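Keeping their order, the protein sequence lines are chains G and V. Numbered per our numbering, the first sequence spans residues 1 to 201. Numbered per our numbering, the second sequence spans residues 1001 to 1051.
Bear in mind the hints are in silico, worked out from the structure with no lab data behind them. Predicted model only: the values in this text are computed from it and were never measured. All residues carry an ideal CB built from backbone N, CA and C; glycine is no exception. You may find that some hints are simply not true.
Claimed, not checked - Listed next, the stretches of chain V that the computed footprint assigns to chain G, with coverage defined by at least 3 CB atoms under 8 angstroms from CB atoms of chain G: (1) 1001 to 1013; (2) 1037 to 1051.
To be verified - Facing chain V, from chain G, some residues (calculated, C-beta under 7 angstroms): (3) F33; (4) G36; (5) L75; (6) G76; (7) Q96; (8) G98.
What the hints assert, rightly or not - Rough simulated footprint, nothing fancy, chain V against chain G, three-plus residues with beta-carbon under 8 angstroms: (9) 106 to 120; (10) 124 to 134; (11) 173 to 187.
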Amino acid sequence: MADQTPVDPEALREQVRDKYRAVAVAPGATYHFHTGRRLAAHLAYDPELVDPLPDRAVESFAGVGNPFSLGRLALGARVVDVGSGAGFDSFVAAQQVGPEGRVVGVDMTAEMLKKSTETAETMGLDHVEFREGLAEDLPIEDGWADVVISNGVINLCADKRAVFAEIHRVLRPDGRLQFADIANGRPVPPEALRDIDLWTG
Amino acid sequence: MPRAGWQKMIEDSGFTDVVIGAAVDTFGGAEGEDKARAYEVYGYAFMARRS
């Protein structure tokens, strides 16, 4: 996808909401991407961190890579998960940082927030919370985070530079950004970039 | 956006020590595989340090 989008940012946001609302409430449906435990295995997540999670924590996972593959999170770290969805990566992060750490997931889709929040309560995780917000306007104070993670979300944002500026704001100096996203090896023609279905898939 | 575009944007945004992981065939076997193949789309892990 392009640096700056040729599609209407709000229309794109609504399309993304619609797509991931469906993934939250109907995780077993067929999508043009993999989901759930099959996807987590495909992306080489550590089974020791995935297997203990309840199905509702994993079934709506729709990431594009493994943000933990380049480095494990430190015990006690404060983590922000940008576009946390149903919370899968937040729950993986929570196990890595332990109860002395803290994980805040941020998502704009009500159905995802409801699911992730209820799952955290079910799991009895006091160090994980989910907040409503946009990647371009994170509800996190300046310099709070040791690490920011994200998975397949920044690509879906119309203004990626604004997202990176916001991530920079919430990270402490020397803090770490670890995310996964898609990249294309062949140029995407302008007419295809205006196809909003391409952005959500 | 190509990998090099991601790297430049990350660096332009005030991050250093950018590391990009190996390509992952994210859409392989999924319904979106054909579209992904058309533009050689793969998943990548990125890591960078805030300056």
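Comparing the hints with the structure gives:
1. Counting residues of the stretch 1001 to 1013 of chain V whose CB lies closer than 8 angstroms to any CB of chain G gives 9, so the stated coverage by that chain holds, three being the minimum.
2. Taking a C-beta to C-beta cut-off of 8 angstroms, the stretch 1037 to 1051 of chain V contributes 14 residues in contact with chain G, enough for the three needed, and the coverage statement holds.
3. Look at F33/G: its Cβ gets to within about 5 angstroms of chain V, closer than 7 angstroms, so that hint holds up.
4. The interface hint given for G36/G is broken, as the beta carbon of that residue sits about 12 angstroms from the closest beta carbon of chain V, more than 7 angstroms.
5. Of the supplied interface hints, the one on L75/G is violated, with its beta-carbon coming no nearer than about 18 angstroms to a beta-carbon of chain V, more than 7 angstroms.
6. Of the supplied interface hints, the one on G76/G is violated, with its beta-carbon coming no nearer than about 18 angstroms to a beta-carbon of chain V, more than 7 angstroms.
7. Checking Q96/G against chain V by beta carbon gives a least distance of about 15 angstroms; that is not within 7 angstroms, so the hint is violated.
8. Interface restraint check: G98/G against chain V, minimum CB-CB distance 21 angstroms, threshold 7 angstroms, status violated.
9. With 0 residues bearing a CB less than 8 angstroms from a CB of chain V, the stretch 106 to 120 of chain G misses the requirement of three and the coverage assertion fails.
10. Requiring three or more residues with a Cβ within less than 8 angstroms of a Cβ of chain V, the coverage given for the stretch 124 to 134 of chain G is violated, as only 0 such residues are present.
11. Figure legend: the stretch 173 to 187 of chain G, annotated as covered by chain V; annotation consistent (15 residues with Cβ-Cβ distances under 8 angstroms, at least 3 required).
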